[in-house]
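Protein chains: 4
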Amino acid sequence: MYEIPGFTDEHHIPSAIAVLTSGGDSPGMNPAIRGVVRAALHRGIKVFGINKGYSGLIIGDLEEMNSASVTNIVQRGGTILKSDRCEAFKDPAVRHQAAEVLKEKGIDTLVVIGGDGSLTGAHYLTLENDIRVIGLPGTIDNDIYGTDDTIGFDTAVNTALEAIDKIRDTALSHESLFLVEVMGRNSGFIATHVGIACGAEMIVIPEYEVKVDAISSQLASNREQGKGSSGIIVVAEGPKPGLTYDLAKQLKNHGQQPKVCILGHIQRGGIPSGHDRILASCLGASAVDYLCAGYNDIMIGVRRGKIVDTPLAQVIEKSKELDEALFQRALLLHK
Amino acid sequence: MYEIPGFTDEHHIPSAIAVLTSGGDSPGMNPAIRGVVRAALHRGIKVFGINKGYSGLIIGDLEEMNSASVTNIVQRGGTILKSDRCEAFKDPAVRHQAAEVLKEKGIDTLVVIGGDGSLTGAHYLTLENDIRVIGLPGTIDNDIYGTDDTIGFDTAVNTALEAIDKIRDTALSHESLFLVEVMGRNSGFIATHVGIACGAEMIVIPEYEVKVDAISSQLASNREQGKGSSGIIVVAEGPKPGLTYDLAKQLKNHGQQPKVCILGHIQRGGIPSGHDRILASCLGASAVDYLCAGYNDIMIGVRRGKIVDTPLAQVIEKSKELDEALFQRALLLHK
Amino acid sequence: MYEIPGFTDEHHIPSAIAVLTSGGDSPGMNPAIRGVVRAALHRGIKVFGINKGYSGLIIGDLEEMNSASVTNIVQRGGTILKSDRCEAFKDPAVRHQAAEVLKEKGIDTLVVIGGDGSLTGAHYLTLENDIRVIGLPGTIDNDIYGTDDTIGFDTAVNTALEAIDKIRDTALSHESLFLVEVMGRNSGFIATHVGIACGAEMIVIPEYEVKVDAISSQLASNREQGKGSSGIIVVAEGPKPGLTYDLAKQLKNHGQQPKVCILGHIQRGGIPSGHDRILASCLGASAVDYLCAGYNDIMIGVRRGKIVDTPLAQVIEKSKELDEALFQRALLLHK
Amino acid sequence: MYEIPGFTDEHHIPSAIAVLTSGGDSPGMNPAIRGVVRAALHRGIKVFGINKGYSGLIIGDLEEMNSASVTNIVQRGGTILKSDRCEAFKDPAVRHQAAEVLKEKGIDTLVVIGGDGSLTGAHYLTLENDIRVIGLPGTIDNDIYGTDDTIGFDTAVNTALEAIDKIRDTALSHESLFLVEVMGRNSGFIATHVGIACGAEMIVIPEYEVKVDAISSQLASNREQGKGSSGIIVVAEGPKPGLTYDLAKQLKNHGQQPKVCILGHIQRGGIPSGHDRILASCLGASAVDYLCAGYNDIMIGVRRGKIVDTPLAQVIEKSKELDEALFQRALLLHK
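Residue numbers (this note's numbering), protein chains in the order written: chain A, 3 to 337; chain B, 3 to 337; chain C, 3 to 337; chain D, 3 to 337.
If you are wondering where the hints come from, they were derived from the structure by calculation, not from laboratory data. Since this is a predicted model, take the numbers as computed values, not measurements. A couple of the hints might just be wrong.
Because identical chains share one entry, a pair is satisfied inside a single copy or across any pair of copies.
Claimed, not checked - With a cut-off of at most 20 Å between alpha-carbon atoms, the simulated SDA-like pairs for lysine to any residue come out as follows:
1. Lys308 <-> Phe329
2. Lys308 <-> Glu5
3. Lys92 <-> Leu334
4. Lys261 <-> Val214
5. Lys261 <-> Leu245
6. Lys92 <-> Ser219
7. Lys261 <-> Tyr247
8. Lys48 <-> Lys254
9. Lys322 <-> Ile6
10. Lys308 <-> Gln330
11. Lys48 <-> Pro208
12. Lys48 <-> Leu334
13. Lys322 <-> Gly307
14. Lys242 <-> Glu326
Isolated chain A (complex conformation) (with noise of 0.2 Å):
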């Protein structure tokens, strides 16, 4: 499935590798925990698993994991390893201490599963202290850059699509509109996957504006086509709360009667699909490859079907732009 690069040089084998999960979690992060563990093991290096992020790092919550600790998790949503947000680990004092527990335990490489803010923090980390890190993408928005895909995005998708499946009943049943909030503060990533997958008569991203009218006309269009009056709009969070029910309200004064869903959490869990568990397997192997061949301070992520690392610094300062060609598409095909 993805092209995985072949290192002839490993001088670099870690004394013992820690891994973490970190920020909202997302399904795949088991496997991603399995790939780590199992690859580390066969290699002969011991690994630890740290408890509830770097809030559990920072106080020594780990313990050393063997083959059976991973044992019958491929399938589980949320975390074994469990998340937390940590603003503590802002300060760098904080970040030190945390390096100290490791090195104490004699481990000096961390693999941290998470988004931005969670990679952000492994960023510093590696810089302040003696500690090499390994950032794998794990979120459902997609939205980190130095990757086509993060661990949990597949599902999170398929989550979606299964809800919209059975509003489609009811929008079919009584020729109704609905208004469909997706996850996606910062990016359409989502709202546009989804919208493309569930022949949405319309997408609502933050990476476009809002026009109320077209969406109007084109729902009028739909109606003298023959399509009926039914219709799903599906639309990302977007930065502000509440952007659904105000869309809401400017279709009624269109003469619309849309009615808001807002799927909200069960976007984060569940059992991850087969193309999150290949992914996260994948790339929790390959951090174990990455670091034997002396790597540091890197996300490791899939490019055009290959696994391939790009600086943590960069993956933090820059942002995932939006495949506007599938966004284009996804209009085409609805009308």
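For this one, chain A is given, so just place chains B, C and D on it according to the hints.
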């Protein structure tokens, strides 16, 4: 599965039967329609499908159905006949017009699949006009007097549980507390069944006063017993919108950090469960049995495993009471 | 949901309760275990979990459970206590040994969750030894006398339906005929419920003779009515393996081109449905009620919506009969 | 998601496009049809749907489609155009007849969605007649040269995983070993992806020799590592029926007690995954782009994240090789 009444007297064979779905759609309406159609055809009775509930009836939007009309619909959510909430039908003159539409087509009997409001319309239609009617309880809320079970309730409970199974992944990963709002404006049937089946920490329903203190101390007690600080509280939406957000605020004042999920319309749609397909099929076919045996102005439901009839006048007037023993059992089991 | 008996006399509080699961696993065994454990703890009674059914009991593989032992299992398929088919338990000496293991731990009562064979073991255990036992019907087959419903049946029906909903896509796309074999060695409960709920063209069960001619002419009649030549025939596996393949051969001789699908073990596992979680929770908790009220040598089940007890001797001797009316209704509805 | 080629030259606008699905159905054929239809209409090109693949084409069973023809199909399994395996199409005279049918309707281009055999038919059709053709890879097996991914593969992998997640419940509860047969006559793509994603103990595929000794010693090693004696071995069906039963017999001779599950046709159907809906939508729409740019006798697929074309002659002659690195990774991870 259900004990079926055996009628000996069948001197009231309808000239033709019409069937409609009305009010909020519920999963299982399609197998109910199929049951009516196939059972009518089996006896050689003509059967007509009315589009969009009472709204379609008034304007004569109906057509004859054959066996193939209901092929491959038993597993479809929503209703192939579409549905509507029809304010106009509260007017006796409109109901008279509806009766005239039916008579003109040679139809003397009507099967109405829907909730409380829809069955009220059916009752007055037959009271004032020479049309026999049979109601079937089609609503996810299970709040209809005269039946232990309504078409769509089992599916809605399963849909809510699937969503909560996903939310629990996040709750466990973050050790956080979730308030999950399920449907139920005036009744806690969905909330109680979902609450017991998902192992909820607490169930909040319109039938009982909410005690925020009790919830808080329950959560504290869970932590002491080593059950972790994650939790799911299932909340019936209640009569006024915003109840769940209010409760979240109050819990914040008690030092909790609850997150809110509103399941909303995903509970209405979806592929009907096996239970609902069988219930709907049996009730649909039984409606034809009862019509042929001369019954009128009744709803057919199930009680203690038997198919039974209840006068529509009673169905409309009386309220179904929550099974308090089940609610108490739920409280006991989550401890 | 279920009317629960209210006991006034409770002079037989067990010293400690043990619980085990035995025979083929069924979805809902976990909430049943949870029901026993939580209800026992609620009354202050010690409760022990036995691993691997009677095999574990014999060798004393059991440990005390607390409230946290059964946290987060209500939605898990299989059984956390594991299960086994134990030939050795047919020997009275082995049963005596099992009783001694229990007494040594101060345990005087046992709850057995399983099918026919497992309940037979429980009956003889109490007959010959001073251990009180209560059985709960845990099997997907629903072929247990004394209860309308068994733990796991509803989930198995839904699992089979999900599979058939997929097979139907191919059947419709290719206008082909599928024989789908579901579980049921001696009984057609699963096949009948699945058949009515999937809209099967025909249902083949051990209770009635297979008439290949009738199937052929039914399929021909469907084509004439414009219902296409695709079709699903649901077949209970029956007493001898290979029945479905035999039937396929015979249908080929009648000019049909059937394909065969054996659903097999996927029917045993999976996340329990809401219905099974509630049934299992109520039966598990009720087992403790009955024990405290002094009952022994009974199975607890549900009949016509009430929780009822049946002597194990009857459960073992008598056969549950198929609901023929439901079977006839299925035949009527697919036409 | 996929980089789309931007064509500047569009001097080859078809007079009208026909589309058909052929061979085994696969989930995503419907969104592929929708992609072709909507993209054609968007450019003002007439589009016709052919029923039952080449069989329907020969007899002129086709009709014009509009935007509403493909409304509400994006989430449906199977194919609304139905499919067939057409032996007659191997005859050049029959292909000539098919070309005449198309020309008579004013159609000069054809989009064929199907597997290897279907694409072979398309290649010879255009070679011998004045009809331009474009093939799209529609098969769950993913065994088509010229594309990393086929329409339906992702859904089939997820379907197999859902089934195995259920089987694992029983495997764990009984500490038993299951051989699960997935589709794949000549290739181990499904087996490898399913195997890695379900955490299989072993994967058996046609590309490599089966070593029963190795399986046995692997299972023994698992037990020693405390991973229990339950296990899942994923087996590709292989070229001859009965392979999995043979393997079970051999394992019995090595002292194992394996049970066999044949997943069979459930892998072909079902609601397409988000991934397959997007892939199919993009390929369907791109087929129209390529036709307008003048292409002929090619298949459109995806390689390393880009939409690419491959001459049909190559598609037919060459075999796609299994990704051995992924297979090795799977072996590593289950240890």
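Verification of the supplied hints:
no., hint, in the structure
1, Lys308 <-> Phe329, "between (24 Å within a copy, 16 Å between copies)"
2, Lys308 <-> Glu5, "both (4 Å within a copy, 15 Å between copies)"
3, Lys92 <-> Leu334, "neither (45 Å within a copy, 37 Å between copies)"
4, Lys261 <-> Val214, "within (15 Å within a copy, 31 Å between copies)"
5, Lys261 <-> Leu245, "both (14 Å within a copy, 19 Å between copies)"
6, Lys92 <-> Ser219, "neither (48 Å within a copy, 34 Å between copies)"
7, Lys261 <-> Tyr247, "both (9 Å within a copy, 19 Å between copies)"
8, Lys48 <-> Lys254, "neither (61 Å within a copy, 36 Å between copies)"
9, Lys322 <-> Ile6, "between (23 Å within a copy, 18 Å between copies)"
10, Lys308 <-> Gln330, "between (26 Å within a copy, 16 Å between copies)"
11, Lys48 <-> Pro208, "neither (44 Å within a copy, 36 Å between copies)"
12, Lys48 <-> Leu334, "between (53 Å within a copy, 16 Å between copies)"
13, Lys322 <-> Gly307, "both (17 Å within a copy, 16 Å between copies)"
14, Lys242 <-> Glu326, "neither (23 Å within a copy, 42 Å between copies)"
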